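In order, the protein sequences belong to chains A and B.
Sequential numbering from 0 applies to the first sequence in numbering that gives the first Met the number 0.
Sequential numbering from 0 applies to the second sequence in numbering that gives the first Met the number 0.
Because the hints were derived from the structure by calculation, they are not lab data.
Among these hints, one or two may not hold up.
Distance condition first, Cα-Cα at most 20 angstroms in a straight line; then the derived PhoX-like pairs of lysine-lysine [said to hold, decoys possible]:
id	chain 1	residue 1	chain 2	residue 2
1	A	K67	B	K333
2	A	K60	B	K333
3	B	K206	B	K381
4	B	K330	B	K423
5	A	K28	B	K330
6	B	K364	A	K166
7	B	K343	B	K245
8	B	K226	B	K381
9	B	K314	B	K206
10	B	K423	A	K1
11	B	K163	B	K206
12	B	K206	A	K67
13	B	K364	B	K206
14	A	K168	B	K206
15	B	K239	B	K343
16	B	K330	B	K226
17	B	K61	A	K67
18	B	K163	A	K67
19	B	K423	B	K245
20	B	K330	A	K60
Quick caveat, the model's predicted, so the values are computed rather than measured.
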Amino acid sequence: MKQEYTITVYTENHIGLLNRIAIIFSRRKINIDSLNTSPSEIEGIHRFTIVIDETEEVVHKLVRQIEKQVEVLKAYYNTPEEIVWQEMALYKVPTDEIAEKVKVERLLRQYGARAVVIRKDYTVFEATGHREETDKLVEVLAPYGLIEFVRTARVAIIKASKGFHDKLKEFEEAEPGEEVIENEYLSQREALFPDTGY
Amino acid sequence: MTTQTLNAEIQQPAETPNPLQEVSGSVAVLEALIAEGVDTIFGYPGGAIMPIYDALYDYNEKIEHILVRHEQGGIHAGQGYARTSGRVGVVFATSGPGATNLVTGLADAQIDSTPLVCITGQVFAHLLGTDAFQETDVINITTPVTKWNYQVTDASEIPEVMAKAFYIARSGRPGPVLIDITKNAQLQKFAYSGYTPCNHIRSYRPKPIVRKEYVEEAARLINSAEKPFILFGQGIILGKAEKEFKQFVEKSGIPAAWTIMGLSALPTDHPQNVGMLGMHGNYGPNVLTNECDVLIAIGMRFDDRVTGRLDKYAKQAKVIHLDIDPAEIDKNVKATVPVWGDCKETLPMLTELIEQKVYPQWLEKFNEFRNQEEQICIQPEKNPDTEIMSMAEVLEALNELTNGDAVIVTDVGQHQMVACRYAKFNASKSNVTSGGLGTMGFALPAAIGAKYGAPQRTVVAIIGDGGFQMTLQELGTIMQFDVNVKILILNNEFLGMVRQWQQLFHDRRYSFVNITSPDFVMLAKSYGVEGQKVAQREGLKAALKAMLEHNGSYLLEVMVGRENNVFPMVPQGCSVSEIRLQ
Chain A
0 MKQEYTITVY
10 TENHIGLLNR
20 IAIIFSRRKI
30 NIDSLNTSPS
40 EIEGIHRFTI
50 VIDETEEVVH
60 KLVRQIEKQV
70 EVLKAYYNTP
80 EEIVWQEMAL
90 YKVPTDEIAE
100 KVKVERLLRQ
110 YGARAVVIRK
120 DYTVFEATGH
130 REETDKLVEV
140 LAPYGLIEFV
150 RTARVAIIKA
160 SKGFHDKLKE
170 FEEAEPGEEV
180 IENEYLSQRE
190 ALFPDTGY
Chain B
0 MTTQTLNAEI
10 QQPAETPNPL
20 QEVSGSVAVL
30 EALIAEGVDT
40 IFGYPGGAIM
50 PIYDALYDYN
60 EKIEHILVRH
70 EQGGIHAGQG
80 YARTSGRVGV
90 VFATSGPGAT
100 NLVTGLADAQ
110 IDSTPLVCIT
120 GQVFAHLLGT
130 DAFQETDVIN
140 ITTPVTKWNY
150 QVTDASEIPE
160 VMAKAFYIAR
170 SGRPGPVLID
180 ITKNAQLQKF
190 AYSGYTPCNH
200 IRSYRPKPIV
210 RKEYVEEAAR
220 LINSAEKPFI
230 LFGQGIILGK
240 AEKEFKQFVE
250 KSGIPAAWTI
260 MGLSALPTDH
270 PQNVGMLGMH
280 GNYGPNVLTN
290 ECDVLIAIGM
300 RFDDRVTGRL
310 DKYAKQAKVI
320 HLDIDPAEID
330 KNVKATVPVW
340 GDCKETLPML
350 TELIEQKVYP
360 QWLEKFNEFR
370 NQEEQICIQP
380 EKNPDTEIMS
390 MAEVLEALNE
400 LTNGDAVIVT
410 DVGQHQMVAC
420 RYAKFNASKS
430 NVTSGGLGTM
440 GFALPAAIGA
450 KYGAPQRTVV
460 AIIGDGGFQM
470 TLQELGTIMQ
480 FDVNVKILIL
490 NNEFLGMVRQ
500 WQQLFHDRRY
510 SFVNITSPDF
520 VMLAKSYGVE
530 GQKVAQREGL
540 KAALKAMLEH
550 NGSYLLEVMV
560 GRENNVFPMV
570 PQGCSVSEIR
580 LQ
């Protein structure tokens, strides 16, 4: 069954890596819903956050292919329940509309939107939240002459993650510990073949 | 083989630069190659790589450069070299068209895990993105077909990048690496502090840690199996684990079948070698894949040409999959027990834990299928009742003369399948073919490289009339460098494999498979390559003998049945047990 997965990739900061990762999806004709690159908690280590709608089997294989890239340290995939995530959106609305209509002001309040720029001709609001929330605000602002809308890619924190500091130390060793090597996948396998009594 | 050393007398050989000496980026490239033990480069010069070629002029005595006739020929030669030597092949090409001509070879090397380091020249850094003369975005063009690539724009990066390139190309699951060097970086002088080989990149884990409990589980499964079956691929050869594999096979007593990339890892006449897997593989190995209880796949990736219809592939079997690449586990066939790691490590661990066994009844089943195949396919193919010869009988005659000691390089198509099915091999790294990509035109240049990779061995390139015409310009390379390769053209005057499919699945609508050829023998003669053409059975053995005994390269064209088909065959979309014998 297809569902939304958020893929988190820890990488070196290397020109061309974005392309290398992106073509893993495009080669299989898989659409990327959202892609964000950002620094991580560790200097020099970058973090990609990629959202796609796919079956777990496909996502699993994609993550293996991503991790295979030389400059990728680690890749994870999670369902929405396993992460804390946010997206930010900007809305440009005619100032006279919002100034005159009390209802708009109420809506903006309701969606937690905040004015970033106020000019005579237009005002830019910012809202942060889940996609349904930022989408909904587009819908309700449309009747009031929404001029422009733009939304960022998703950023996400994995709830169960202890961060990457300790893992990176292991990676820098010539002989890393077992946990760093791709073995969390192997550990999960035990449940995959109950019939063989493993 | 001789290199042209026209200017040898006026030339001063290059001396290894002292640390902290100022050297150019080009010298740093060549010093890196020497430090990595490279003795042969296949390449073609051009504007953007001229500084490297200028430096190469002084390295003539340390490295042999083979001037090919087309960059595709250069990279296939690099592949051939890597496959017979077990070392990294090195290729030079210029920017733009030089680099784009490498793409087919890169894709071939990527899918067949061949270690290569390709160096391409690039326009000056300040011209990048200006549509300069012979500028192409080589890094982005080659990203999907390289294990790693990198653009150097500053000479000081070169020693480290070259060290990484060689380390990445040969470690883990090997593959092609491309380094694109802008012309300014080739010319630029920098303080050279020597070359340090690379053996660790923090983000790159070529060798997974072997988990003993999985090896133990695998051994337990094998020990309790009644009808176990080994499938082996090129991983054995790439992992240099032929000895470890043979010990495993012999202690376990399990029949073993090969993918075409794994061919020659186990001698053909080994009693447990039951033959070839896949679409044109042997009858028993295909049918019995769907009857075994434990399938032990070693260094192979369950390509669709091996598995046929996946949802009907070995469903009854528990699968043990040994591979160094974690992305291969569960990719096509779900593994019951994955054993991640280098098979040079994992095989001895497994051998130690398994019981010494024999499976006489199970092996007998393979024999029964073998006998049926012999009767229906093999004997009629080896001894056809037609006046015109068959490919199989040519291979048989060749086997008699080479005794299985030659390196066999094949192109792609019917002759490739027949050669893989019938050629005898005694030693590993003897079968060079384009397996995953199926690149017509591969064999002639690959044979040149194969000869440089194994100069003491006889190299026979078996090529179809179609494939030969794709890269025949490399006869020029053979001529200039006096490369002793034996070219055996099996001419059926058709693009035979496509014709076979059109006959079987497209109602005999022969659409553009009727290919005409030049006089190959006369063509070879014009390149100074001796040769002859044989159309009569009586002349075959003498002609093959003349080819093998000739002191130097030789082209033998053998006319074979025009509309012969390769059987057995697992038709596309069918299960391996639906294999057809005719």
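Results for each hint:
1. K67/A x K333/B: holds (19 angstroms)
2. K60/A x K333/B: holds (12 angstroms)
3. K206/B x K381/B: violated (44 angstroms)
4. K330/B x K423/B: violated (32 angstroms)
5. K28/A x K330/B: Distance of about 17 angstroms is within 20 angstroms: holds.
6. K364/B x K166/A: Given that 20 angstroms is the threshold and the Cα spacing comes to 51 angstroms, the pair is violated.
7. K343/B x K245/B: holds (11 angstroms)
8. K226/B x K381/B: Roughly 31 angstroms separates the two Cα atoms, so the pair is violated.
9. K314/B x K206/B: violated (30 angstroms)
10. K423/B x K1/A: Distance ~49 angstroms between K423/B and K1/A Cα, so the pair is violated.
11. K163/B x K206/B: Given that 20 angstroms is the threshold and the Cα spacing comes to 16 angstroms, the pair holds.
12. K206/B x K67/A: holds (12 angstroms)
13. K364/B x K206/B: Measuring from Cα to Cα gives roughly 38 angstroms; hence the hint is violated.
14. K168/A x K206/B: Holds: K168/A and K206/B sit about 18 angstroms apart, inside 20 angstroms.
15. K239/B x K343/B: holds (7 angstroms)
16. K330/B x K226/B: violated (24 angstroms)
17. K61/B x K67/A: violated (36 angstroms)
18. K163/B x K67/A: holds (16 angstroms)
19. K423/B x K245/B: With a Cα-Cα distance of about 17 angstroms, the restraint between K423/B and K245/B holds, given a limit of 20 angstroms.
20. K330/B x K60/A: holds (7 angstroms)
Figure legend: structure checked against the earlier numbered hints; hints not met, in rising order: 3, 4, 6, 8, 9, 10, 13, 16 and 17.
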